[in-house]
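Chemist: Sequence:
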Amino acid sequence: MVTLLFGPPGCGKGTQAAFISRLLGIPAISTGEMFRAERESGTPLGKKVSEIMAQGGLVGDDIVNEVVASRLSRADCGAGFLLDGYPRTIPQAAFLDGILLKGPWSPPAIIYLDVPDSVLVERISSRRQCPSCGRIYNLLHQPPRREGVCDMDGTALIQREDDNETIIRARLRTYKESTGPLLDYYAKRSLHRIDGNRSPEQIHRLLEAVLGPALAQMSEKHTCCSNSRGLP
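The sequence shown finishes on residue 236 if you use the working numbering, and the numbering steps up by one all the way, no holes.
What the hints contain is simulated information worked out from the structure, not anything from laboratory work. Wrong hints could be hidden among the right ones.
[As the list claims (entries may be wrong)] Only pairs whose alpha carbons sit at most 30 angstroms apart, straight line, appear in this in silico DSS-like list of lysine-lysine:
| # | residue 1 | residue 2 |
| --- | --- | --- |
| 1 | K192 | K106 |
| 2 | K106 | K52 |
| 3 | K180 | K192 |
| 4 | K51 | K106 |
[Said to hold, decoys possible] Label-pair ranges, simulated between beta-carbon atoms:
| # | residue 1 | residue 2 | range |
| --- | --- | --- | --- |
| 5 | S122 | I56 | 17 to 25 angstroms |
| 6 | C137 | A191 | 25 to 33 angstroms |
| 7 | R177 | H145 | 20 to 28 angstroms |
Here a beta-carbon is modelled for each residue, glycine too, at the ideal position from N, C-alpha and C.
All chains, please: the whole structure from these sequences, using the hints.
Modeler: Shown next as structure tokens:
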């Protein structure tokens, strides 16, 4: 089963991607993970990506699509996968459609985690990070045990420069401008808007309600195929 996960910064995509991965038994793949895998592999494609990123350049659609095609060709994607951070443009979405048509996968389920801007600003501006170990805290939902210091090593926590309200709202505007056309592109397909202004556990239940029937259908199909192969 293929799932495309969309949502603005601060909506909790990382948490829900991990949950969907466990629920469906598929790998959760982010754009960053794909780039890292290619760079670490030392392939010509990985070297090309490394050169562009080292120069501070943006990786174009053609190379991004090539990286995606390379990642999805791996054996662990045979039963399905979740994509987080791809596609980002209409040409990327059209390219992904072509890959899915040629592969063994069914049409994707598209999930959009919908959270009001005011909530996102509050969430992101409440983030704090340990500059030593990198651990992330949230003063609203996951505060440190002792105010202002990391649980792991006692280092004073900091607020990242881009976690202030002005920059957050600018990022949200940019995200809406880039993602709006994609949501229109997928509007007539299996697009599910999930209320992301809930606890992670409540969102889990909403996702189970959306993805559960498809998962049951997949299991039934697998059982039928297994039984057919067992007939004399």
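Chemist: State for each hint whether it applies.
Modeler: Status of each hint after checking the structure:
{"no.": "1", "hint": "K192 - K106", "result": "21 angstroms, holds"}
{"no.": "2", "hint": "K106 - K52", "result": "26 angstroms, holds"}
{"no.": "3", "hint": "K180 - K192", "result": "19 angstroms, holds"}
{"no.": "4", "hint": "K51 - K106", "result": "27 angstroms, holds"}
{"no.": "5", "hint": "S122 - I56: 17 to 25 angstroms", "result": "36 angstroms, violated"}
{"no.": "6", "hint": "C137 - A191: 25 to 33 angstroms", "result": "42 angstroms, violated"}
{"no.": "7", "hint": "R177 - H145: 20 to 28 angstroms", "result": "24 angstroms, holds"}
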